[in-house]
Amino acid sequence: MEEFTGKVWLLGDDIDTDIIMPTEYLAMKTVKDMCPYAFSPLRPEMAAQIHEGDIIVAGKNFGCGSSREQAPEVIKALGIRCVIAGSYARIFFRNAINNGLLLIENADLVRDVKEGDEITVRVGDSILYGDKTYPISPLPQNLLDILDAGGLVRAMQRLNGIGKE
Amino acid sequence: MGMTLIEKIIAHNIGRESVTPGEIVTVNVDRVMVHDIFIPFVADKFEEMGFSKIWDPDKMVLIYDHLVPASQLDDARHFAKGDAFAAKYGVKNVHRSDGICHQLMTEAGYVKPGDIAFGTDSHTVTYGCVGAFSTGIGYTEMAGILGTGKLWIRVPETIKVEVNGTLPANVSSKDVILQILGDLRADGATYKSLEFVGSTFDAMSVASRMTMSNMTVECGAKCGLFAPDEKTAEYCGISAEDFKNDAFLQSLKGDPDAAYERVLTYRAEDFVPVAACPSQVDNIHPVSEIAGLAVDQVFLGSCTNGRLEDLAAAADILRGKKIAPFVKMIVTPASRKIYREALEAGILETLAEAGAMITHPGCGLCCGRAGGILTDNEVVVATNNRNFLGRMGTSKVQIYLASPKTAAWTALTGRISVPE
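So the protein lines, in turn, are chains A and B. Using this note's numbering, read the first sequence as starting at -7 and increasing by one per residue. Using this note's numbering, read the second sequence as starting at 104 and increasing by one per residue.
A hint or two may mislead.
[Stated by the list, open to error] Here chain B is said to cover these stretches of chain A; the calculated rule only asks that three of the stretch's residues, wherever they fall, bring their Cβ under 8 Å from a Cβ of chain B: (1) 7 to 18; (2) 118 to 132; (3) 143 to 155.
Hints listed in this document are in silico derivations from the structure and should not be mistaken for laboratory results. Even glycine gets a Cβ: it sits at the ideal position worked out from N, Cα and C.
Work the whole structure out from these sequences, hints included.
Next up, the structure:
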């Protein structure tokens, strides 16, 4: 079982995609260029302080609002290992899976955890925080297939007979 | 057992008798829309996936609206990239300055009742106003559709919203949808379909229904549908006879014995003018509660409320009067067609005489890129669909979302006002 430990960034309910990546920066050439501005309307200091392997823990309806796929892409580009939220808005959810960003649904952790604390994720099984364990419910098979392929681009490449098997 | 409206559209699309909420099915896509912000990403992903042709180039519509006219040097790159993609793959449906994508998709006849359409924008839900299933997706999925013509979806549960009776004269469909959003909350319909029924909606214009479908994504909905009627047929260029004789179109309504997850029921007479207060779309309060707050700017426009009836409602209030001297009022018709109609009807002249600035159709101000962005502590009453932190300028701008009537009265007095 894949297992990793990371430091928590704690966010609230209804974190919309305008907060994750403001429209102002959407026409920049690459997602890397956009990274410094991630979460800037809410927490301008945050993007610069995120380290590879950190984990975002948030409340309900994470990623609501605009369909901008730069939102999950920029989270991934910042080095965030996974997002754990109470629930997700549907377009963000699809976009994240299609980009191979791991999303975990759990409504309890956000109430218990403190920012800066470390948590351990056992993928597909559970989250460990202090002496507590939080279960992870499984994703539907068609989504696991996309994640297994390494995202939708890779899945389509496979369909077209190109790229690595 | 009967079916809800969304179940009928999906079942018909995949050639089945019925579908069940929660089921994952692959649908055949009738139309797709890509706008200027995302076309470079769609183009890159499409080629990276290894596709060499679009499954049906006539089913793609490319619309420049978010960046029109360009406000940053980088914007022009999006037009060049879009033009090159259209030329290379034979896309003929390209609109370079005709209006906002969600207005054009039904106005120009690209989406009809019963269709399934996807767009790279969350407000793609707008086409539910004509009884089409349409919803927003990201650019990677769009690239996949362009190659395959298909997309997987989860059949949604349906929440029925029933409103009967006559709305008070100072209440618009915008107030109705804002109140519903306040009651359902920002995640109250996540992954679900909303179905609007009742005499209040029967009496509404297609334009008013469009305002409602447009905002259903603000409570997380996958779509917000109205059963097509004679008004829909006329708007979509379907003759009354063809509409009556088309068994599928006639079937497009929720069955009495369909399974609804939840039913919300309202009396039209109970609605009052409301506003979404900073900085969440579900933070709904009666306008009377916030009346008197001085404003710096009023925005009338967007794919939510930039149609002829919206501009006409404001013109009726402002005719022969002047807006408050310290208020900047920006009016943006949703499309070139609406702009011309409003011009010919004297509406733009009335609004300009009253002190409003009239701009070309586009998304600039609504998405905070251009054409009237605001700064710290400024207050704006706006008719668009989002008041998120930083949406129309800095994160300290106070955005109040309201109806065109509330916006016009507010411009007139310079303070948030209940329309009379």
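Which of the stated hints cannot be reconciled with the structure, identified by number in ascending sequence? 2
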